[in-house]
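Chains as they are written, first to last, in full-length UniProt numbering: chain X, 1 to 186; chain S, 1 to 985.
If you're looking for bench data, these hints aren't it; they were derived computationally from the structure.
Each residue gets a CB set at the ideal place from its N, CA and C atoms; glycine is no exception.
Treat the hints with care, since some could be wrong.
As the list claims (entries may be wrong) - Think about it this way: if two alpha-carbon atoms lie no more than 25 Å apart in a straight line, the pair counts; the simulated DMTMM-like pairs of lysine to aspartate or glutamate are:
(1) S:Lys-789 <-> X:Glu-78
(2) S:Lys-605 <-> X:Glu-78
(3) S:Lys-269 <-> X:Asp-28
(4) S:Lys-896 <-> S:Glu-821
As the list claims (entries may be wrong) - Distance ranges between label pairs, derived from CB positions:
(5) S:Ala-962 <-> X:Val-127: 20 to 28 Å
(6) S:Ser-586 <-> X:Val-127: 21 to 29 Å
(7) X:Arg-170 <-> S:Lys-789: 30 to 38 Å
(8) S:Ala-962 <-> X:Ile-21: 57 to 65 Å
Claimed, not checked - Facing chain S, a subset of chain X residues (Cβ under 10 Å, in silico):
(9) Ser-7
(10) Leu-52
(11) Ile-121
(12) Phe-161
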Amino acid sequence: MTMPYISRHPLENRLPLEPGIRAVDHMDVPRGTAIATVMAMDGEDAAVAAGLAVAGDMSLRFVAPGEWLAVSQSDTPEGLCRNLSLLLAETASVFDQSDGRVVLRLSGPNVRRILAKGIGIDLHPAVFEIGTSSNVLCGHISINLARTGENEFELIVMRSFAESLFDDLRLMGREFDLSADFSAQG
Amino acid sequence: MTAYRLTSGGLVDRGANLDFKFDGKTLTGLSGDTLASALLANDRLLVGRSFKYHRPRGIVTAGASEPNALVTIGKGASTDPNTKATVAELYAGLDARSQNRWPSLKYDFGAVNGLLSPFLGAGFYYKTFMWPAAFWEKVYEPIIRRAAGLGRVVLERDPEAYEKCWAHCDLLVVGSGPTGLMAALVAGRAGLRVILADEDFRLGGSLLAETTRIDGVSAQAFAEASLAELRSLPNVTIMPRTTVFGWYDDNVFGAVERVQKHVAMPQAKLPVERLWRIAAKRALLATGAEERPLVFGGNDKPGVMMAGAMRTYANRFGVAAGRSVAIFSNGSAGYQAAHDLAAQGVEIAAIIDSRSDVADVAPAGVRLIQSGSVIDTQGRQRVSGIVVERSGFEETIACDAIGMSGGWNPVIHLACQRGAKAVWSPELQTFLAPDVGNGLVVAGSAAGRYTLVGCLADGAQKAAAIAADLGFSAPAEAMPVVEEDIDPSFTALWYSPGAKAKAFIDFQNDVHVRDIGLALREGFGHVEHAKRYTTNGMATDQGKLSGINATGLLAAMQGISPADVGTTTFRPFYTPVTLGALAGTSRDEHAAPVRKSPLHGWAQKNGAVFVDSGLWYRPAYFARSGEKTWRESTDREVRNVRENVGLCDVSTLGKIEIFGPDAAEFLNRIYCNAFLKLPVGKARYGLMLREDGMVYDDGTTSRLSSEHFFMTTTTALAGGVMSHMEYCAQVLWPDLRVRFCSSTDQWAQMAIAGPKARLVVQALVEDDISDAAFPFLAAGIVALKGGLKARLFRISFSGELAYELAVPAGSGEAVADAIMEEGRAHGICAYGLEALNVLRMEKGHVTHAEFDGRVTPDDAGFGRMVSAQKPDFIGKRLSTRYGLTAADRMQMVGLKPVEADQHIRAGAHLLREGAKPSTLNDQGYVSSACFSPTLGHDIALAFLKSGRERYGERIVVWDKLAGADVVAEVCNPVFVDPGNAKLNV
Numbered sequence: 001m002t003m004p005y006i007s008r009h010p011l012e013n014r015l016p017l018e019p020g021i022r023a024v025d026h027m028d029v030p031r032g033t034a035i036a037t038v039m040a041m042d043g044e045d046a047a048v049a050a051g052l053a054v055a056g057d058m059s060l061r062f063v064a065p066g067e068w069l070a071v072s073q074s075d076t077p078e079g080l081c082r083n084l085s086l087l088l089a090e091t092a093s094v095f096d097q098s099d100g101r102v103v104l105r106l107s108g109p110n111v112r113r114i115l116a117k118g119i120g121i122d123l124h125p126a127v128f129e130i131g132t133s134s135n136v137l138c139g140h141i142s143i144n145l146a147r148t149g150e151n152e153f154e155l156i157v158m159r160s161f162a163e164s165l166f167d168d169l170r171l172m173g174r175e176f177d178l179s180a181d182f183s184a185q186g
Numbered sequence: 001m002t003a004y005r006l007t008s009g010g011l012v013d014r015g016a017n018l019d020f021k022f023d024g025k026t027l028t029g030l031s032g033d034t035l036a037s038a039l040l041a042n043d044r045l046l047v048g049r050s051f052k053y054h055r056p057r058g059i060v061t062a063g064a065s066e067p068n069a070l071v072t073i074g075k076g077a078s079t080d081p082n083t084k085a086t087v088a089e090l091y092a093g094l095d096a097r098s099q100n101r102w103p104s105l106k107y108d109f110g111a112v113n114g115l116l117s118p119f120l121g122a123g124f125y126y127k128t129f130m131w132p133a134a135f136w137e138k139v140y141e142p143i144i145r146r147a148a149g150l151g152r153v154v155l156e157r158d159p160e161a162y163e164k165c166w167a168h169c170d171l172l173v174v175g176s177g178p179t180g181l182m183a184a185l186v187a188g189r190a191g192l193r194v195i196l197a198d199e200d201f202r203l204g205g206s207l208l209a210e211t212t213r214i215d216g217v218s219a220q221a222f223a224e225a226s227l228a229e230l231r232s233l234p235n236v237t238i239m240p241r242t243t244v245f246g247w248y249d250d251n252v253f254g255a256v257e258r259v260q261k262h263v264a265m266p267q268a269k270l271p272v273e274r275l276w277r278i279a280a281k282r283a284l285l286a287t288g289a290e291e292r293p294l295v296f297g298g299n300d301k302p303g304v305m306m307a308g309a310m311r312t313y314a315n316r317f318g319v320a321a322g323r324s325v326a327i328f329s330n331g332s333a334g335y336q337a338a339h340d341l342a343a344q345g346v347e348i349a350a351i352i353d354s355r356s357d358v359a360d361v362a363p364a365g366v367r368l369i370q371s372g373s374v375i376d377t378q379g380r381q382r383v384s385g386i387v388v389e390r391s392g393f394e395e396t397i398a399c400d401a402i403g404m405s406g407g408w409n410p411v412i413h414l415a416c417q418r419g420a421k422a423v424w425s426p427e428l429q430t431f432l433a434p435d436v437g438n439g440l441v442v443a444g445s446a447a448g449r450y451t452l453v454g455c456l457a458d459g460a461q462k463a464a465a466i467a468a469d470l471g472f473s474a475p476a477e478a479m480p481v482v483e484e485d486i487d488p489s490f491t492a493l494w495y496s497p498g499a500k501a502k503a504f505i506d507f508q509n510d511v512h513v514r515d516i517g518l519a520l521r522e523g524f525g526h527v528e529h530a531k532r533y534t535t536n537g538m539a540t541d542q543g544k545l546s547g548i549n550a551t552g553l554l555a556a557m558q559g560i561s562p563a564d565v566g567t568t569t570f571r572p573f574y575t576p577v578t579l580g581a582l583a584g585t586s587r588d589e590h591a592a593p594v595r596k597s598p599l600h601g602w603a604q605k606n607g608a609v610f611v612d613s614g615l616w617y618r619p620a621y622f623a624r625s626g627e628k629t630w631r632e633s634t635d636r637e638v639r640n641v642r643e644n645v646g647l648c649d650v651s652t653l654g655k656i657e658i659f660g661p662d663a664a665e666f667l668n669r670i671y672c673n674a675f676l677k678l679p680v681g682k683a684r685y686g687l688m689l690r691e692d693g694m695v696y697d698d699g700t701t702s703r704l705s706s707e708h709f710f711m712t713t714t715t716a717l718a719g720g721v722m723s724h725m726e727y728c729a730q731v732l733w734p735d736l737r738v739r740f741c742s743s744t745d746q747w748a749q750m751a752i753a754g755p756k757a758r759l760v761v762q763a764l765v766e767d768d769i770s771d772a773a774f775p776f777l778a779a780g781i782v783a784l785k786g787g788l789k790a791r792l793f794r795i796s797f798s799g800e801l802a803y804e805l806a807v808p809a810g811s812g813e814a815v816a817d818a819i820m821e822e823g824r825a826h827g828i829c830a831y832g833l834e835a836l837n838v839l840r841m842e843k844g845h846v847t848h849a850e851f852d853g854r855v856t857p858d859d860a861g862f863g864r865m866v867s868a869q870k871p872d873f874i875g876k877r878l879s880t881r882y883g884l885t886a887a888d889r890m891q892m893v894g895l896k897p898v899e900a901d902q903h904i905r906a907g908a909h910l911l912r913e914g915a916k917p918s919t920l921n922d923q924g925y926v927s928s929a930c931f932s933p934t935l936g937h938d939i940a941l942a943f944l945k946s947g948r949e950r951y952g953e954r955i956v957v958w959d960k961l962a963g964a965d966v967v968a969e970v971c972n973p974v975f976v977d978p979g980n981a982k983l984n985v
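Model the full structure from these sequences, guided by the hints.
Here it is in C-alpha cells:
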C-alpha cells in the first residue's frame with residue numbers, strides 16, 4: 001500500500017484556505033516553514049554562532065545560550081537540516097522541528113499594542129531591536145518572539161499550542177480588527 | 001431647595017444635558033459631571049444609609065475617598081455595586097441605585113438600629129452572639145450580613161469583556177495635578193518615556209478647582225496647555241481614567257483603566273476595563289493631599305461635606321452644595337472655600353474656627369467665630385443648623401450645609417504598600433511617605449509641599465533629578481508664575497470638644513469617638529487592634545478619611561504623640577478593583593490553553609470522546625452507535641486489542657532528543673538502571689528516581705545512533721523531566737558533553753497493539769519488521785511506502801505484540817488514516833485512554849497512579865532493575881536509607897475480588913479480615929482498579945505491607961466513600977500473560 005501522506009497545518013480548522021481581506025494589522029501564517037533546532041556542543045557556542053551568521057537563506061532565533069532555531073522559508077526541512085549539519089559538522093547537533101513548530105507573522109501599526117496584551121517584555125524598538133529574538137510567554141503559552149521589522153514580529157509556537165495561541169491573538173487583536181490568513185506564497 | 005446648579009462656571013458642558021436615573025427617578029445632569037455633582041445639582045443630598053446604624057448619609061467628598069455615596073450602577077449581570085458616585089462619570093442612561101436601605105432610602109427599616117445604638121457599640125456582635133457556637137454561621141452571621149453590609153454582589157455571569165496589558169516606561173507619574181503635570185513635562189521634554197496616569201476622566205487634578213492664575217491664565221487653561229504639550233510628545237503616554245492601585249516587586253505598578261465604564265452601550269471589541277502592569281524604571285507619586293475631616297457631634301448628616309469638596313463642586317462642576325453654608329475649619333483652607341462660595345453668590349452662614357488669633361480673613365460681611373467648637377448639628381435627613389459652643393455659651397446657627405476642613409494628609413498609599421511605614425511629621429502634623437529608595441519618589445502635596453509654587457517646583461526638580469539619574473539631560477527651565485497661592489496652614493484638631501451627638505470618625509463603618517475609647521479601655525488600643533475592634537478604616541475606602549483621625553484620637557486619648565501610635569498597614573488595592581479586571585481574558589476557553597495532538601482530527605473522525613489530561617485533550621474512548629456507556633466502548637476496545645488490533649494516539653507522551661558524545665553517560669546517571677551499553681537500534685524501559693530515592697518518572701529510551709538517543713516520558717511529567725535534565729546538565733554535570741531538546745510536538749506517535757499488529761504495520765512499512773528482523777525492544781528509522789521516513793519502536797504497554805510508529809506531526813493524521821484503512825480487514829479499532837489504562841492494569845504495568853512520589857523501585861517490583869554496579873545515579877545514595885529498604889514497606893500486588901461480581905475502587909484502603917478500620921490497622925491502599933473484560937471481573941493494583949509475601953491471602957478492601965467492604969485475594973499484579981509469551985512472537 002502506497003500513500004502520499006498529505007501534511008496538515010494545525011490552523012486549517014481556523015483559517016480559510018484562500019487569502020481573505022487584510023486589515024492594517026494582519027497575522028500571516030506561512031504553511032511550509034523549515035525550522036531546525038541547532039545546539040552547540042560545549043565550548044563551541046562562538047564557532048557555531050559565527051558559522052550560522054554566514055549561512056545564507058535562513059534566519060536565526062535565539063532560544064538559549066548555545067541554542068537557536070534556524071528558520072527558512074525557501075528550504076525544505078531535509079535541505080535545511082542537511083545544510084546545517086554540513087556547515088556545523090561536529091560543533092553542533094541539529095534536529096528538524098518543522099512539523100513541531102508553527103510560525104505566525106504579525107505586522108501593522110498596532111502590533112506592539114496587540115502583543116503587549118500577552119507579552120511582558122518591553123517591545124520598544126530601542127529595547128527589543130529589529131533582529132532580536134527571545135523565548136517569552138504570550139499569555140499562558142511559551143513562544144519564541146522575533147522582531148523582523150519596525151512593526152513586524154514573528155512568533156514561533158509549539159504545534160500543540162498553535163490553535164490556543166491563535167485564538168488568544170485574535171482576541172488580543174480584536175480592538176484593531178486584526179485579520180489573519182495563510183500566506184499566499186505557501 | 002438647598003444644593004443647586006450655579007448659573008455659570010465650571011468645566012461642565014451646559015449645552016449637553018444627560019438624563020440619568022437615581023432610584024428609578026429620572027434626573028438631568030451635564031456632560032462633565034460626576035454622578036455626585038449631578039445629584040447635588042438636583043439637590044439629592046441623601047444618597048445612602050450607613051453600614052451599621054442605617055443613618056442617612058450624603059456626599060462628603062469629590063473624589064476616591066468618598067465613604068458615603070456608594071451606589072449600585074447598571075442592570076442585571078452588568079451590575080456594579082459599591083461604586084463611588086464622586087468618581088462615577090455621568091453618561092446618558094446611567095442607572096444608579098442607593099444601597100443598604102429597605103424598603104427605600106427615605107424610609108429605611110434598618111434605621112431602627114440607630115435607636116438601638118447604645119447596645120450596638122464596637123465589638124457588640126462578637127460579645128453578644130457567642131453561643132451556641134453553631135448559631136454563628138447558620139443564624140447570626142446571615143442576619144447580620146443582611147442588615148449590615150454594603151452593596152450586593154451579582155452572582156450572574158459577567159457579560160462584559162476585560163483584558164490585561166503590559167506597559168513599560170522610564171518614568172511613571174501618578175497623578176496629573178500641578179506636580180504631576182510639571183514632572184511629566186520636564187521628563188517628557190528631556191526625552192524620557194513617560195506614562196502619566198490619573199484616576200479622573202478629566203486631567204489636571206486640583207488645578208481643575210483652583211481660582212488662581214498661573215502664567216497669566218486660569219489654572220484650568222494652564223493644565224490644558226500643559227496636557228496639549230504632553231500629547232504632542234511621542235514619548236509621553238497619557239492615561240486618563242486609570243487608577244494606579246498597587247506597587248509591586250521590580251517597580252511594577254498595577255493600574256486599572258476604566259475603558260468603557262462611562263458609556264451606556266460598550267463596544268464589543270473593547271474591554272470595559274483594562275488591567276495594566278506598568279514596569280517603570282522610576283515612578284513619581286504626585287497623588288496630592290486629602291483634606292482631613294473634623295470629628296464633631298452630628299458630623300455625619302447629609303449636607304456636611306469637606307470644604308475642599310465644596311470648592312470643587314462650585315469651581316469645577318458649577319454646583320453649590322447649599323444656599324447658606326457654615327464653615328468649620330482649623331486652618332486657612334476653610335476660608336478659601338468660603339471666599340470661593342461667596343464669590344459664586346452663596347451665602348456663608350458663619351465661619352467657625354477652632355483657633356484663636358487667626359490671620360485669615362473671612363469674606364466681607366461674614367461672621368467669624370474664633371475658638372469655636374461645633375458640638376451638634378440639627379436636621380434629620382439633611383442639615384438645618386449647627387450648634388456652636390464657645391466658653392460655655394451655646395448658639396445655634398441656621399445653615400443648609402456645613403463645610404469642614406481639618407488640615408491636610410498627603411496621599412502616600414502606594415509608597416507604603418511594600419512594608420515601609422509612614423513617618424509622622426510634627427511640623428506638618430501628618431504622616432509623610434517613608435524613604436523607599438529611588439524607584440518611587442513622592443513629590444508635591446503628596447510630599448507635604450502643599451502650595452502651588454511648591455508643587456510645580458517639586459515636580460520639576462524631582463523629574464529633572466530622575467532624568468539625570470537615567471542619563472537624560474533636562475535643561476533648567478523657568479518655573480510658571482503663580483499669582484495668588486494657597487495657604488495650607490492649620491492647627492491639628494482631633495476632636496471638637498463637648499459633642500452632644502455621635503461624633504463620627506469613619507462614616508462608612510459607623511465608627512464614632514466612643515468606639516475608639518471603648519477599644520482603648522478594653523485593651524485594643526494598638527492602632528491595628530483598634531481597627532479590627534471598631535472596623536475603623538475597613539471596607540471600600542480603607543480609612544482614606546478616617547485613618548488619620550483614628551490615630552490622632554488614639555494618641556490624644558493616651559496623651560502621647562501620633563508618632564507613637566502610627567498608622568495601620570497600607571496594602572493594595574488603593575481603591576477596589578473588579579475581579580473581572582483581575583481575570584482579564586483568562587476565563588472560559590481562555591482560562592488555560594488547550595493542547596491538541598496532531599492526531600486530534602483523526603480521533604474526531606473516529607468518534608472520540610475527549611477528556612482533559614493536563615492541558616491536553618485526549619480521546620477517552622471511541623463511542624460506536626449502540627454503546628450507551630463509556631464502559632461498553634472501553635470493554636469492546638480492550639477485547640479487540642487482545643483479539644485483533646487497535647490504534648492509540650500516544651503523541652502526548654513527552655519526547656526528548658538527546659545528543660552528544662556523553663549522552664549515554666548522562667542517561668546512565670539520570671536513570672537508576674543501566675543505559676551506558678544500550679546498543680544502537682534498541683529501546684529500553686528506564687526508571688528515573690528523585691534524589692530521595694523515590695520514583696520520579698518512567699518511559700522508554702531508544703538509541704538511534706551512538707550519540708543520539710530518543711527519550712519518552714509520561715505525559716504528565718514531560719515538562720518536569722525536561723527541567724530536571726536541564727538542571728542536571730547545567731548544574732550537576734556541566735562537564736558532560738550532552739545537548740537535548742524537546743521533540744514532543746514534532747512527532748505524531750501511535751501505538752498499534754494486538755496479535756495482528758504486525759500485519760497492519762508491515763503493510764505500510766518498506767523495511768522487514770518480522771520478529772527476527774525487528775524483535776521485541778527493537779527501535780529504528782524505517783521508510784514508509786511512499787518514502788516518508790518514520791521511527792518505529794517495538795514496545796508494548798498493553799502486553800500484546802505492539803509497535804509505536806512516529807511520523808512528522810503534519811503527516812500524522814494521514815498516516816493514522818492509512819493504518820485504519822489497512823487494518824480494517826484485520827478488525828482494527830481506535831482505542832482511547834480508558835482502554836489503554838485497562839490494558840496496562842491487566843498486564844500489571846504502572847503509571848503515576850502507582851508512582852505517586854512515595855514509591856521506591858522495589859515497592860513497585862523493579863528492585864532488581866536498580867543497578868548495583870553503577871558508581872552513581874540520581875537517587876542512589878538515599879535509596880539505601882533504612883526506611884527505604886525496610887521489609888514491611890508496602891509492595892505492589894494485584895487484587896481480585898473473591899466474589900467475581902464485587903467491585904474495587906482506587907483509593908480504598910486494605911485491612912486484615914476482622915480488623916477495625918483505623919490508621920494503625922492500615923495495611924495499604926488500592927492505586928488503580930478497573931473491570932477487566934479479559935478476565936470478566938474487577939482487578940486492582942494495590943500497595944500492601946510486605947505484599948509480595950502475601951499472594952493468596954484474603955484482605956478486606958475498605959471503601960468508606962462507596963460504603964462497601966469487599967474481600968479480595970492478593971495476587972501477582974500481572975494478570976494477563978505473566979510469561980510474556982504474547983510479546984515475543
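Each hint, compared with the structure:
1. Restraint check for Lys-789 of chain S and Glu-78 of chain X: satisfied, since their Cα atoms lie roughly 11 Å apart, inside the 25 Å limit.
2. Of the supplied pair hints, the one linking Lys-605 of chain S and Glu-78 of chain X is violated, its CA atoms being roughly 31 Å apart against a limit of 25 Å.
3. For the given pair, Lys-269 of chain S sits about 21 Å from Asp-28 of chain X by alpha-carbon distance, which is consistent with the 25 Å threshold.
4. Taking the CA atoms of Lys-896 of chain S and Glu-821 of chain S, the gap is about 38 Å. The hint is violated against a cut of 25 Å.
5. At roughly 59 Å, the beta carbons of Ala-962 of chain S and Val-127 of chain X sit outside the given window of 20 to 28 Å.
6. Checked against the hint of 21 to 29 Å, the C-beta distance between Ser-586 of chain S and Val-127 of chain X comes to roughly 26 Å, which is consistent with it.
7. With their beta carbons about 35 Å apart, Arg-170 of chain X and Lys-789 of chain S fall inside the hinted range of 30 to 38 Å.
8. Distance hint check: the CB atoms of Ala-962 of chain S and Ile-21 of chain X are about 59 Å apart, consistent with the given range 57 to 65 Å.
9. This hint holds: Ser-7 of chain X has a C-beta 3 Å from the nearest C-beta of chain S, less than the 10 Å allowed.
10. For Leu-52 of chain X, the shortest C-beta to C-beta distance to chain S is roughly 15 Å, which exceeds 10 Å, and the interface hint is violated.
11. A cut of 10 Å between beta carbons decides the hint on Ile-121 of chain X: the least distance to chain S is about 8 Å, and the hint holds.
12. Nearest Cβ of chain S to the Cβ of Phe-161 of chain X: about 6 Å, under the 10 Å cut. The hint holds.
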